[in-house]
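Please put together the full structure from these sequences, using the hints given.
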Amino acid sequence: DIQMTQSPSSVSASVGDRVTITCRASQGISSCLAWYQQKPGKAPRLLIYAASSLQSGVPSRFSGSGSGTDFTLTISSLQPEDFATYYCQQGNSVPRTFGQGTKVEIK
Amino acid sequence: EVQLVESGGGLVQPGGSLRLSCAASGFTFSGYVVHWVRQAPGKGLEYVSSISTNGDNTFYASSVKGRFTISRDNSKNTLYLQMGSLRAEDMAVYFCARVYYHGVGLYYDYWGQGTLVTVSS
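Here the protein sequences line up with chains W and P, keeping their order. Every letter in the first sequence is one number past the one before it in the numbering used here, and letter 15, counting from 1, is 15. Every letter in the second sequence is one number past the one before it in the numbering used here, and letter 25, counting from 1, is 25.
Quick caveat, the hints were computed from the structure, so don't treat them as lab data. Heads up, some of the hints might be wrong.
Claimed, not checked - Partial list, computed: chain P residues near chain W (C-beta under 7 Å):
hint, residue
1, Leu45
2, Phe95
3, His102
4, Leu106
5, Trp111
To be verified - Simulated DEER-style distance windows between Cβ atoms:
hint, chain 1, residue 1, chain 2, residue 2, range
6, P, Glu89, W, Gln27, 22 to 28 Å
7, P, Asn74, W, Ser77, 42 to 48 Å
8, P, Pro41, W, Gln3, 18 to 24 Å
9, P, Gly16, W, Gln3, 30 to 36 Å
10, P, Gly10, W, Lys39, 21 to 27 Å
11, P, Val5, W, Arg24, 32 to 38 Å
12, W, Gly16, P, Ser71, 47 to 53 Å
13, W, Thr74, P, Gly103, 20 to 26 Å
14, P, Tyr101, W, Lys39, 23 to 29 Å
What the hints assert, rightly or not - If you want the ones that stay clear, here's a sample from chain W, every Cβ over 10 Å from chain P, calculated:
hint, residue
15, Leu46
16, Ser63
17, Ser65
18, Thr72
19, Gln79
20, Ala84
Every value quoted in this text rests on a predicted model; they were computed, and no experiment measured them. Idealized CB from N, CA, C, for every residue including glycine.
What follows is the structure in structure tokens.
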């Protein structure tokens, strides 16, 4: 199975800050990577697919980049509603696997 | 509006069985692959099982293979997960998630709210 490793595990930030989360795959996955946002007690929400494509309805402050094994999710200006846990997911190989999550907390 | 609604979760003893359902609406269910994904308390997301649109092909995570059975009834717009020989490590919120293909990549564009399975004596 492809292992997905996110860093950091948690980040403390303030409203308006730029936040960057990284995800590394244990082997190349081309651009087959998604990012999800999950709030407590809720289902995950698709933010980014194919490494850099913004899902419909997702604010443009979210962006993704990368290919191969190294990927990045960036929130350009953190908003109060962005405090949540973020997961990456590889969509290239079976079984689809997720990163362990990055919790974005209020500083 | 696309909706996925899971049901059937609850408390079950180790070694017991449970059947989960995922009722779909707002899209042509028979034309979509839908997966089961679970999340243990305080943990990350884990793929569990998937089934082809016509039900002919099924796939399982190694952790559940031989114990869980996935099925679907396209006439009822419903996905099922029959879980048997349940273990403590199966305790989780179980989500159904609709698959979105883009190029060669597979992603999940809609998720249900989840149903909690608790395995305890």
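Okay, the hints, checked on the actual structure:
{"no.": "1", "hint": "Leu45", "result": "holds, 4 Å"}
{"no.": "2", "hint": "Phe95", "result": "holds, 6 Å"}
{"no.": "3", "hint": "His102", "result": "holds, 5 Å"}
{"no.": "4", "hint": "Leu106", "result": "holds, 4 Å"}
{"no.": "5", "hint": "Trp111", "result": "holds, 4 Å"}
{"no.": "6", "hint": "P:Glu89 with W:Gln27: 22 to 28 Å", "result": "holds, 26 Å"}
{"no.": "7", "hint": "P:Asn74 with W:Ser77: 42 to 48 Å", "result": "holds, 44 Å"}
{"no.": "8", "hint": "P:Pro41 with W:Gln3: 18 to 24 Å", "result": "holds, 22 Å"}
{"no.": "9", "hint": "P:Gly16 with W:Gln3: 30 to 36 Å", "result": "holds, 32 Å"}
{"no.": "10", "hint": "P:Gly10 with W:Lys39: 21 to 27 Å", "result": "holds, 24 Å"}
{"no.": "11", "hint": "P:Val5 with W:Arg24: 32 to 38 Å", "result": "holds, 35 Å"}
{"no.": "12", "hint": "W:Gly16 with P:Ser71: 47 to 53 Å", "result": "holds, 49 Å"}
{"no.": "13", "hint": "W:Thr74 with P:Gly103: 20 to 26 Å", "result": "holds, 22 Å"}
{"no.": "14", "hint": "P:Tyr101 with W:Lys39: 23 to 29 Å", "result": "holds, 26 Å"}
{"no.": "15", "hint": "Leu46", "result": "violated, 5 Å"}
{"no.": "16", "hint": "Ser63", "result": "holds, 16 Å"}
{"no.": "17", "hint": "Ser65", "result": "holds, 15 Å"}
{"no.": "18", "hint": "Thr72", "result": "holds, 17 Å"}
{"no.": "19", "hint": "Gln79", "result": "holds, 22 Å"}
{"no.": "20", "hint": "Ala84", "result": "holds, 14 Å"}
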